[in-house]
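Given the sequences, and given the hints that come with them, work out the whole structure.
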Amino acid sequence: MSLRQVRAQKLKSFFSLLGIAIGITFLIAVITLVEGMNRYVREDFAGSFFGVNTFSVIQRRQVNTGEVDREQRARERRNPRLRMDDVEVVRAAVPNALYFGYSAATSGEVRRDQYSRRGVRILGGSPQYEAIHGWDVEFGRGLTSVDDRQALPVAVIGSQIAERLFPSTSPLGRQVRAAGHRFTVVGVYEAQGGLTGSLRDAAMLIPFETFQRTVATRRQEVDEILIKVNRVDEMAPSMAAVEQALRVDRRLRPSEPNDFWVQTSSDLLDAWETINNVLLVALPGLVGISLVVGGIVIMNIMLLSVTDRTREIGLRKALGAKRKDIMFQFLTEASTLSVLGAVFGIFAGIGMAAIVESATPLPAAVSPVALAVAICLGLGVGIASGIYPAGRAARLDPIEALRFE
Amino acid sequence: MTAQPGEPIIRTRELRKEYVMGAEVVYALNGVDVDIWRNDYVAIMGPSGSGKSTFMNMVGCLDTPTAGEYALNGQEVQLMNDDELAKIRNREIGFVFQTFNLLARATSLHNVELPLVYSGIPARERRQRAVEALETVQLADRMMHKPSELSGGQRQRVAIARALVNDPSILLADEPTGNLDSTTSLEIMDVFDKLHDRGQTIIMVTHEYDIAARAGRVITLVDGKVELKVDSPAFQAQAGVAAAGVGVLGSPGNVLGQTGAL
Ligand SMILES: Nc1ncnc2c1ncn2[C@@H]1O[C@H](COP(=O)(O)OP(=O)(O)OP(=O)(O)O)[C@@H](O)[C@H]1O
Ligand SMILES: [Mg+2]
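One line per chain: the protein sequences are A and B, in this order. Heads up, the first sequence is in my numbering, so the first residue is 1237 and it goes up one at a time. Heads up, the second sequence is in my numbering, so the first residue is 2 and it goes up one at a time.
FYI, nobody ran anything at the bench for these hints, they're computed from the structure. Take the hints with a grain of salt, since some may be wrong.
Partner residues are not named here, just some residues of chain A that face chain B (Cβ under 8 Å, in silico) [as the list claims (entries may be wrong)]: (1) 1551; (2) 1553; (3) 1554; (4) 1555; (5) 1556; (6) 1557; (7) 1558; (8) 1559; (9) 1561; (10) 1634; (11) 1635; (12) 1641.
For each residue, glycine too, the CB sits at the ideal point set by N, CA and C.
Given below as structure tokens:
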């Protein structure tokens, strides 16, 4: 065999490798990122948003799972805003709650001397707000009930705000300005990072009462009421009690729907589930197409290879190779090529996911399932695309194959 | 012809092979009756196109006859299916081709091992037997060479080792020296002589009288029919007569320099 043929053979193998590798690369990258999102949402997002055994009362539902029609949404938009009276009704309905809290929020610019940051979420939180969310301070202290009762102008700031406004000094004891009011920084929260890090890292928490007297645009109104119970089995009865108390207080007739929304972290998980299912079906579907293309490439290369090696096949048959021996040889070749492609694809896919992870806030997680799927797919594509060429080779007539020019 | 006791290894009766080429029918074999006995050394001669290769392919179970009977060791070959034929080729037949037909990417050792792979012999025994076969053709020192690193004569010796390695009932060689120069041809013929002395049954196609003269018997084919069967001592004396009668001399189709590898 001439050197040119060897090179040609290598080039062909390279292309079939490439076809499969590209497909698997995207598959792994996609699954890795979706899996990362998944893990993140389950472990961090829902948790940091809410924490376990926690539910909240809000004016209307926030996450849309796509099952709500327009009419329903329009009606929910007319729900009354939550007020301090509602807070007291809910508080009375869950006397055994572990934590009880409420908050209101606005956003605006926070400044200190020449430093400033726009779009800061300024939260007015009741004393147990931090405990419910599990927000820990890294420096200084958190907010106390004394701060709230006396409506002290104090604030605990997120790490991003601390970095921006106090690049070289400690923020503790210093003053910041927001909406024309001064607040003394008493603490800085631990950086959370990640996709929703901005929720805490770019927030500033002040006592609810302080909020009412300073930055609040609508007095006596709250955005959410938060309840954390002791055990998971207290969730359903507590939620029912809250719902019942609010309905009675608002004098809703049995035929009327709730004019408020009780939300749990499972709402968020449901919403994510919907997105997740779409991603997990649609994206691998696209990947599947590229694998089919890869398979066709392999099949063509194998057919070429059968033609190229007709004389070799003839010889092997002359030496006693049975049909299944030839079949096995070509299937092995095809699956070796494609599994090799899959292995390259796995590394490239993990690399790609890592690049995406470092360039964007999207998290990545390599799942063993994805790797197994990739290898199986490679093998499957190899066998599927190898069967026809291998069968053609196996059925060749030995003498005609030997005579083939 | 000397009478032999028992069954012949090869026995053909009215063996025919026809090729239909459009409106024309080519009778490549037109009723061939041949008996080959154990430890026979038979040379097949005849003009180009007389059906020698066709006959060898039939005997080697590479091709199936259009009509007639062929029994190998008493087994009716024409009744066998693809896989049974593959098994016969593997166990009973050793084929040596004019163009060597070695795997270019494989070493001598691997080439010789190939038939054993298809008989399902374990790797260690395979290797040992391949080494022995290469020693028989005096190529033990070229085991790790690839065909491109061997001379034509060495390549053909590798091919002979491959044909021998499964200890076949019959060694078939279709113009084994056709691609070799005369000195190398003599080397190869010495190998065949030695194998015959060790008891190997051999059928060989050749165009060269001096090569045919080494065989115990010579069968001459003309137009797909057996024209002449002679025992060798007589053949030597008649060589000139036969040459005149058949009108063929020399060895056409010599393509020296061809690698003969796949
Ligand atoms: N596959 C085929 N299709 C059609 N005709 C064929 C085929 N194979 C052989 N023949 C014909 O059969 C006849 C015998 O061919 P064969 O190859 O047996 O001759 P040969 O005696 O080996 O000749 P040479 O000495 O040139 O090798 C020739 O006429 C040839 O053309
Ligand atoms: Mg011939």
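Tested hints:
no., hint, in the structure
1, 1551, "5 Å, holds"
2, 1553, "7 Å, holds"
3, 1554, "6 Å, holds"
4, 1555, "5 Å, holds"
5, 1556, "2 Å, holds"
6, 1557, "5 Å, holds"
7, 1558, "5 Å, holds"
8, 1559, "6 Å, holds"
9, 1561, "6 Å, holds"
10, 1634, "5 Å, holds"
11, 1635, "4 Å, holds"
12, 1641, "12 Å, violated"
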